[in-house]
Structure formats: C-alpha cells, structure tokens
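Chain order of the listed sequences is A and B.
Take the first sequence: its position 24, counting from 1, is numbered 23 in numbering that gives the first Met the number 0, and each next residue is one higher.
Take the second sequence: its position 203, counting from 1, is numbered 202 in numbering that gives the first Met the number 0, and each next residue is one higher.
Just so you know, the hints here were simulated from the structure itself, not pulled from any lab data.
Note that the coordinates shown come from a computational prediction; the quantities given were computed from them, not determined experimentally.
Be careful, since some hints might not be right.
Which chain B residues face chain A? A few, computed with CB under 7 Å, are given here [claimed, not checked]: (1) Gly88; (2) Ile94; (3) Gly96; (4) Val216; (5) Trp271.
If you want the ones that stay clear, here's a sample from chain B, every Cβ over 12 Å from chain A, calculated [said to hold, decoys possible]: (6) Tyr5; (7) Tyr591; (8) Pro625; (9) Ala639.
For each residue, glycine too, the CB sits at the ideal point set by N, CA and C.
For reference, the chains in residue letters:
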Amino acid sequence: MLRRYIVMFYNELRAAVREWTGEAEYERYVRYCAQRGQAPLDRGRFFAGRLEERYRTRARCC
Amino acid sequence: MRALRYGVWAFVALAGAGALATVSLARGEQISVVWLLTAAVATYAVAYRFYSKFLAARVLMLDDLRQTPAERINDGRDFVPTNRWVVFGHHFAAIAGPGPLIGPTLCAQFGYLPGTLWIILGAVLGGAVQDLLILAGSLRRDGKSLGEMAREEIGVLGGFAALGGVLLIMIILMAVLGLVIVNALKGSPWGTFTVGATIPIALAMGWYMRFIRPGKVMEATIWGLALVLLAVVAGRWVSESGSWAPLFTFAPTVLALMIIVYGFAASVLPVWLLLAPRDYLSAFIKIGTIVALALGIVVYMPPVQLPALTRFTDGSGPIFAGKIFPFAFITIACGAISGFHALVASGTTPKLLGKESDARMIGYGAMLMESFVAVMAIIAAAVLQPGVYFAVNSPAGIVGTSPEQATQTISGWGFPVTPAEMETLAADVGERSLFARTGGAPSLAVGMAHIFANTLGGKAVMAIWYHFAIMFEALFILTTMDAGTRVGRFMLQDFLGHLWEPLGRTSWYPSVILTSAGMVGAWGYFLYQGVMDPLGGINSLWPLFGISNQLLAAIALSVATTLIVKSGRARYAWVTLGPLCWLLSITLSAGYQKLFSPEVRIGFLAHAGELQGHIAAGEVPAAKIPETHALIFNDRLDAAVTALFMGLVLVIVVDAVREWYRVLSARQVPQQRLTVTA
Numbered sequence: 000m001l002r003r004y005i006v007m008f009y010n011e012l013r014a015a016v017r018e019w020t021g022e023a024e025y026e027r028y029v030r031y032c033a034q035r036g037q038a039p040l041d042r043g044r045f046f047a048g049r050l051e052e053r054y055r056t057r058a059r060c061c
Numbered sequence: 000m001r002a003l004r005y006g007v008w009a010f011v012a013l014a015g016a017g018a019l020a021t022v023s024l025a026r027g028e029q030i031s032v033v034w035l036l037t038a039a040v041a042t043y044a045v046a047y048r049f050y051s052k053f054l055a056a057r058v059l060m061l062d063d064l065r066q067t068p069a070e071r072i073n074d075g076r077d078f079v080p081t082n083r084w085v086v087f088g089h090h091f092a093a094i095a096g097p098g099p100l101i102g103p104t105l106c107a108q109f110g111y112l113p114g115t116l117w118i119i120l121g122a123v124l125g126g127a128v129q130d131l132l133i134l135a136g137s138l139r140r141d142g143k144s145l146g147e148m149a150r151e152e153i154g155v156l157g158g159f160a161a162l163g164g165v166l167l168i169m170i171i172l173m174a175v176l177g178l179v180i181v182n183a184l185k186g187s188p189w190g191t192f193t194v195g196a197t198i199p200i201a202l203a204m205g206w207y208m209r210f211i212r213p214g215k216v217m218e219a220t221i222w223g224l225a226l227v228l229l230a231v232v233a234g235r236w237v238s239e240s241g242s243w244a245p246l247f248t249f250a251p252t253v254l255a256l257m258i259i260v261y262g263f264a265a266s267v268l269p270v271w272l273l274l275a276p277r278d279y280l281s282a283f284i285k286i287g288t289i290v291a292l293a294l295g296i297v298v299y300m301p302p303v304q305l306p307a308l309t310r311f312t313d314g315s316g317p318i319f320a321g322k323i324f325p326f327a328f329i330t331i332a333c334g335a336i337s338g339f340h341a342l343v344a345s346g347t348t349p350k351l352l353g354k355e356s357d358a359r360m361i362g363y364g365a366m367l368m369e370s371f372v373a374v375m376a377i378i379a380a381a382v383l384q385p386g387v388y389f390a391v392n393s394p395a396g397i398v399g400t401s402p403e404q405a406t407q408t409i410s411g412w413g414f415p416v417t418p419a420e421m422e423t424l425a426a427d428v429g430e431r432s433l434f435a436r437t438g439g440a441p442s443l444a445v446g447m448a449h450i451f452a453n454t455l456g457g458k459a460v461m462a463i464w465y466h467f468a469i470m471f472e473a474l475f476i477l478t479t480m481d482a483g484t485r486v487g488r489f490m491l492q493d494f495l496g497h498l499w500e501p502l503g504r505t506s507w508y509p510s511v512i513l514t515s516a517g518m519v520g521a522w523g524y525f526l527y528q529g530v531m532d533p534l535g536g537i538n539s540l541w542p543l544f545g546i547s548n549q550l551l552a553a554i555a556l557s558v559a560t561t562l563i564v565k566s567g568r569a570r571y572a573w574v575t576l577g578p579l580c581w582l583l584s585i586t587l588s589a590g591y592q593k594l595f596s597p598e599v600r601i602g603f604l605a606h607a608g609e610l611q612g613h614i615a616a617g618e619v620p621a622a623k624i625p626e627t628h629a630l631i632f633n634d635r636l637d638a639a640v641t642a643l644f645m646g647l648v649l650v651i652v653v654d655a656v657r658e659w660y661r662v663l664s665a666r667q668v669p670q671q672r673l674t675v676t677a
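Whole structure, please, built from the sequences with the hints as guidance.
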C-alpha cells in the first residue's frame, strides 16, 4: 500500500517537474503535429526553438 | 462543523493580531523570530482565505465556466492548459528575484519593524491585489501584456509611457543588480571562482541539452547542480592557494567590466547555450535554498538582535539617506509590491491557466510566498549583531576607511563592534575583510550562513555556507540580468524596427549586436557610475530602482482600476485605488526629495551643486577635477531619470483618471468584453 503511494507520488512529481522544465513539451508537440499530419522537428531543434521563443518575452522580476 | 471552522479562523486571526502587536510594541528587549513568522503566516492565511476570495468572487467574478485563452487557443506551444501547481512554480520562479532578499536587508537600517510591517501589509493589500487583478485582466484578453492593456484600456499615450517606463526600469534594475554582485565579489577569490565556475558549467549543460541528450533538462540539471556545489567547496582551495587566489581577486572596476562583457555575451549567444541552462540551475537552487532557509529559521529559532527601530529613522542612515517615510517603502519593492510582477502576470502565466479560478492561487498566492521570502531576508539581517550589520553594509565614505575608524563610528551610534570581532567573522566565512561590503548581498550571506551553520554543521562549515549563499544570490542575479538584457534588446529592436525595418529583425546579427550593445551600454554606464561613486553607488541607485519599480506598480494599478471601472463594478475600485494612492504618495514624495532635497546625501541636484561649489572655490585638486565633473554629470543624469519616471507615471495616471471620468460620467453600459472574450 505504502509502496503504491510512493510510486504514485514519484510519478506525479516527475510529471510535474518535466512539465515545469519544459521536457514534456516535445511529446505534446509531436502529438499536435500528428493530429495535423505535419512532420515534427527533431527534439534538439524543437528544444532550441522553444527556448528562443520563451526568452523573447519571459521577464524575470527583480 | 461550521462552528469549528469559524473557531479555527478566529484562532488564526487572533494569533496573527497578537504576533503583530508583539512585534510592533516590543521595545528594549530581544524577541524571538517566532513572533515575526507567526505574524506573517497568520496574516497571509487570513488574507488569502477572506480577502483574495472577496476579490475573486466579487471584484473579478472569476468563473470556471468561462474558457481561458489556454483552453480556447490550445496551440500546443504557448497556450497550453497546465496543472496549476506547475504554473504556480513557473510564476513564482519568475517573480522571485533578488529584490525580496536585498531590499529588506538594506531596509533593516531602520530596524526590523518598518520593513516587516510593510512587507506583510503591503503584500496582502497591495502587491498580491495588483498581481491577481493584472493576471485576471490579461487572462480575459488572450494573455495581453501590461503595455498592450494600458494602450487599449487607457489610451495610446498611456501605452507608450508604460513601454518607455518598463525599458528605463530594466536599465536601472540591471545596473543596481550588477552593483550588488560587484560588491559581493570584490576582493573575494572564493566567491569569484564559484560564480565564475557557473559559466562553463552552464555552457556545458547547454551543449549537453542541445546536442548530446536533446531536451533532457533534468539530467543536465542534476549533474550541473553537483558541479556547482563542487565549485563552492573548491573555492576554498582557490582562496587558500598562493598562486590561484590572485587570479580570482579583482578590483570593483574590473568586476564591473567583466559583468558588462558577460551581459553582452549572454544577449548575443543562442539562448540554449548560456541563458537557459543558467536559468535551470538558478531556479532549482533558488527554490531549494528558500525552503532550506525556512527550515533553518524554524529549527534554529534565533533571537532578533536588531532593535525594532533604530536612530536612523530620522534620515541619517549610513546605508542610504532619507527618512523612514518615504524611503523605507521604496527600498522594499519586491516583497511588498512590485510593478515588475505585472509584466510576469501579463506574460507567460495567463497563457497557461486551465481554469479562471486558478488565478487566485497563482496571482495572489505566489505574491504571498514572495512576501514570506522577504520576511526571511529581514530575519537573516535581524539575527546579526547590529554592529556587524552596519559594519558590513556602511560605505567607507561614511564610516571611515580603516577598521578602527569604522568600528569607532559604528560603536558611537550605539551599536558596539570591534575590529577583532569583524576579523574573526571574516575568517569564519573565508573572507579577508567584511568592512564596507555594501549592496546587501554579503550581509545577507552572513545572516544566512549564521542560520544554516547553527542548524547544520556548526561554525566549522560557516565559510562553506557563506559562499553557498553568495553563489545562490549571484546565480539568480545573473539570470535576471541575462534575461532582462535579452528582453530589453527585443524591445529596443521592436522600437528601432519602426525607424528602419532591418533593425527590427531579431535574426539579423548586425542589429542583434547593435541593440545588445545599446542595452548593455545603458545599464553598464549606470553600473560603472555606481562602482566609482565614493558612497558606494547603492545610496543613489537603489532608491532610483525602488522609485521606478513602484512607479511601474502605480501604472499597473491604474490599469487595474480602469478594468474595474469599465467592468461596471466601480464600487469596488477602492481595492486598487487605495494602494495606488499610497504608492503615488511614496514614489512622488521620494522622487521629489531625490530631486530637490537640500540635503546633499538625498538630493541629486544639491549634491551636484555642492561639488560645483567645491570646484569654484578651488577646493578640488587639479587631478580630481575631471572625476568631480563626472560625478556632477551623473547626479544630473540621475535627476533627469527620476524626473522622467515621475513624468511618465503622471501622464498615465492623468490619462487613466480622464478615462474613469469618461466612463462614469457617460454612465455607459459596462463593456462586457472587459469580462468576457468570446
């Protein structure tokens, strides 16, 4: 029982951290492209492009 | 059940009121930090439970049946409905910069009380209200930015004034943050090595995430963090090495030039190579350290050494000049209310919310969390011996250049400290000297190291904790500077693109280099000016930054009030009008004093006049005349920037009042698009 909760907690935490760091974005992007029949970029180019876009507007507070 | 609930909330409210009363009324005796923590946590709990609920339900009428931009647009990239805890993490990481740590540390010169009260009450009644309202406003306008909302809701003039204000604030912000780093690293081979080592570590992480294991952020961050911690430990070896230590020991001017070159490189290099990996490192270390500091304070429970109020409430403070009103309230911006948050709340965050009601937790809740960080910073300053606190933070131009002079002056103020005590403390933290280490970062690091060492490891590891704290502060200051320079560069390119189209192309390298140089040159000038300032620079730059940040908050609150008025709920406009009036009174009076005060330590023009008088009277040696002319020019430039800020805000406020009058006098039917975007 405890083991199940620990595994569940770990999985949820891992998913949240992947989401937070942007790691999970690529899978979502691939699904999005598949729905529209487009060829996705490879992971490296997608990652670099996303970061360029993100830091174009991302303000960091003082 | 209901009675039990009422009972619990009554208890929390009474505990908060009791703690606030204890914190406020204690005089001449040491109190425990428990009172400060209880006052903060209980006030936040009551404010979140009742006031934010009122704002969400009555003022904003947040409704989960209404689609958010993320639900409606859901493009799989920018607009994505995201778990609210993940958005909370993003939002908090973006709003929590060095401001809530540095501002309270500097403001502690007035004693622990003014800063603590302002941080707690300012956040629940002002800062969190601003963040929530701007977030909700942007949420209902497809994630529009503060500038766009100002232009659409107030007018074109207001919109341009807001954009100009943002650019100017970013320039001053980055200069003052650069100055904090210079003061933390000058003459410190350990600190310089550790902070310097984060650059190749970030570059290696960037390369790894781009080419070796594309997109594997967690993997790179884990080994990156391990290397950064190793660099903290290795710094001791460098500082003790006769051949290595001189290679990492720099004068302030050299450090300033290095930061300027670094800022330029960070702006022109690809984001994935330096900026993003540093941001990942910074975000994890930031959150980890803040949690550790909270635990450390709770476990150690140190007594507060600083008095509730010091003699410097009269305006004669050594760290910065000016009376408690208005200067305490502009010294602490982030932590109580910060206009910069409005940029974050109208940036990425509204594009990720899956439900309208999440805006309450993220807008209001994250600001309370930041306020709590500021309370911890004031605790870290307040647990130091006051004499030590003033010896670290007072510039040599005020207290004297030798340890004997400095300790004599500070002891004369009623805060006893001896050269031997300072020498022992410097040796404990692995520094050569802690005198005149202005800027707030070193004294915060000493306070944090004191708390950490008393919780874990004892005095033997105090030096490691001190340099960990310096690395922690420098890391996310540099991240703020990287990101700020880049965003500033894009704003500049956007503007110049209207004059000549190729300059607006963000992929055209001549334009990238030109605008990066322009942005870095602007903040680099103010940074260099601060380094050369005989009073340490913080005296003039931090108030300028505080005024500008609070004026941006005034712009945000004007926009928020306009949204409330236009939505037909003008009867609730007091929620933003109250903080707006308070902010205008503190910023305009502080701005007026910085311009026209006859006291030379406060008024820019008075200081310039005094220097001019010295030259005219022949009291300045010939060799010093060019330097004195430069100081006069800088004073006048600071005065012009202050006047410009004040002018921009008055334009926006007057424009907003005109708009409120137009809406209310016409008794127009509320424009429903203000609450609903179909």
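Here's how the hints hold up against the structure:
Among the interface hints, the one on Gly88/B holds; its C-beta lies about 5 Å from the nearest C-beta in chain A, closer than the 7 Å criterion. Contact between Ile94/B and chain A, as hinted, is supported at the beta carbon level, the nearest pair being about 4 Å apart and thus within 7 Å. Because the smallest distance between the Cβ of Gly96/B and any Cβ of chain A comes to about 5 Å, under 7 Å, the interface hint for this residue holds. Among the interface hints, the one on Val216/B holds; its C-beta lies about 4 Å from the nearest C-beta in chain A, closer than the 7 Å criterion.
At about 5 Å, the closest approach between the beta carbon of Trp271/B and any beta carbon in chain A falls short of 7 Å, and the interface hint on this residue holds. The claim that Tyr5/B lies off the interface holds: its Cβ sits roughly 33 Å from the closest Cβ of chain A, which is beyond the 12 Å cut-off. A cut-off of 12 Å between C-beta atoms confirms that Tyr591/B is not in contact with chain A; the least separation is 23 Å. For Pro625/B, the requirement that its beta carbon stay farther than 12 Å from each beta carbon of chain A is met, with the minimum near 33 Å.
Listed as outside the interface, Ala639/B is consistent with that label: its C-beta sits roughly 22 Å from the nearest C-beta of chain A, beyond the 12 Å cut-off.
Violated hints are absent here; each numbered hint is respected by the structure.
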